[in-house]
Amino acid sequence: MNALAKSDGKGLGVGLIGTGYMGKCHALAWNAVASTFGDVIRPRLVALAEASADLARTKAMELGFATSTGDWRELLADPQIDVISITTPNRFHAEMAIAALEAGKHVWCEKPMATVFADAQAMHAAWRGSGKVAVLGYNYIQNPAMRLIRKLIGEGAIGVVNHVRLEMDEDFMADRQTPFATRNEASAGYGALDDFAVHPLSLLRFVLGGVAEVFGEMARPYADRPHPDGGRRAIENYDIATALLRLESGASGVLTVNRAAWGRKGRIQLQIFGDAGAIVFDQERFNEVQLFRREGNEETQGFRSILSAPVHKPYDRFIPAPGHGLGFNDLKVIECRELIARIEGEKASVFDFDDGLAIERTIHAIADSFAKGRWVEVKA
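Going by the UniProt record's numbering, the residue at position 310 of the sequence shown is 310; the numbering climbs one at a time, nothing skipped.
Simulated from the structure, these hints should not be mistaken for laboratory data.
Idealized CB from N, CA, C, for every residue including glycine.
Check the hints yourself; a few may be wrong.
To be verified - Pairwise CB distance ranges, derived in the manner of DEER restraints:
1. GLU295 to ALA186: 50 to 56 angstroms
2. VAL311 to ASP229: 54 to 60 angstroms
3. GLY156 to GLU248: 17 to 23 angstroms
4. LEU55 to ASP368: 34 to 40 angstroms
5. GLU298 to GLY345: 22 to 28 angstroms
6. TRP262 to PRO320: 17 to 23 angstroms
7. GLY129 to LYS379: 51 to 57 angstroms
8. GLU95 to TRP375: 29 to 35 angstroms
9. GLU284 to GLY156: 41 to 47 angstroms
10. LYS10 to PRO221: 50 to 56 angstroms
11. GLU217 to ASN162: 31 to 37 angstroms
12. GLN80 to ARG374: 49 to 55 angstroms
13. PRO226 to VAL311: 26 to 32 angstroms
Using the sequences and the accompanying hints, generate a full structural model.
As structure tokens, this is what we get:
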């Protein structure tokens, strides 16, 4: 990749909206991408926006941005900004992404696209008409382990895939006394379905392709939660979701997600079964792939562990030795590098708004199926 530079010889100008968990991840990635890969001109951290000017000023100093503001719209008019990172709560994504694209900025928006399908469609339309790059923060697809799994499947290592099982579980809402929060409101979306399921669906799309039909179910483990202002408030969305899947390839599948699963901290498990073997990946064992091949002596057949290593690109850009392991923020750096490649017009492994809308269609089809109690086609 040729080092990206504007006509003035400087690197990409970056604006960041939001400095929470994912905002910090984006900032770390923008700060690290040039040093890690060595083939891009260091991005310029131009401006940062937060809910208040004071908070923005503090975060700009922490994260290395030159200026700050309490009004995110000020970033749109700044000619020094080429790309805007959007890391706000989901319900703000559509307005901000559309405004940024209309202002002529590239967009790096956290997942999911939006809490309402019509908003996701509007984001997609704005991108299509902008001539700009717009990608989504599905950084789990950047794991070298995922690239290995896709390669193994493409090479026929486990034969023809006939079934896949996807799970995502965390326990941050497992305690029934956890206070009611905005993510429990209907305005935040369906709940675990769009908050969580987009991640395993992104892995599925990356390694196997899309979903053709779904049959969905959603559940609430608890009816209400204590409200910070006193009393209890009814939960308005669902912490558990399950779906039967029929893949475009013809394989069957099962998806289940749960944000009230005691003991699970960051689990995304992907099990892929073929007619000649199987592949298993668990996000809590981030740097391992389990591979079973139906070959050799039955007495010694079994799953074998493959540890991430420099041979699994771009692991080598971070660590020169196998088995030491990458982390969540490293995947964000890889994603940032891929985004820069896409902006430069090169082939890049990122999910753009086409991919994002396909995932949104699947999510909303599952919700539609739950409401109707029948199989629903995922329509393009």
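Verification of the hints:
1. GLU295 to ALA186: 50 to 56 angstroms: Between GLU295 and ALA186, where Cβ atoms are some 51 angstroms apart, the hint holds.
2. VAL311 to ASP229: 54 to 60 angstroms: holds (55 angstroms)
3. GLY156 to GLU248: 17 to 23 angstroms: holds (19 angstroms)
4. LEU55 to ASP368: 34 to 40 angstroms: holds (39 angstroms)
5. GLU298 to GLY345: 22 to 28 angstroms: Violated, since GLU298 and GLY345 (Cβ atoms, about 51 angstroms apart) do not stay within the stated range.
6. TRP262 to PRO320: 17 to 23 angstroms: violated (39 angstroms)
7. GLY129 to LYS379: 51 to 57 angstroms: For GLY129 and LYS379 the Cβ distance comes to about 22 angstroms; the hint is violated.
8. GLU95 to TRP375: 29 to 35 angstroms: Given about 34 angstroms between the Cβ atoms, the range holds.
9. GLU284 to GLY156: 41 to 47 angstroms: violated (28 angstroms)
10. LYS10 to PRO221: 50 to 56 angstroms: holds (52 angstroms)
11. GLU217 to ASN162: 31 to 37 angstroms: For ASN162 against GLU217, whose Cβ atoms are near 23 angstroms apart, the range 31 to 37 angstroms is violated.
12. GLN80 to ARG374: 49 to 55 angstroms: holds (53 angstroms)
13. PRO226 to VAL311: 26 to 32 angstroms: 51 angstroms Cβ-Cβ, so the 26 to 32 angstroms window is violated.
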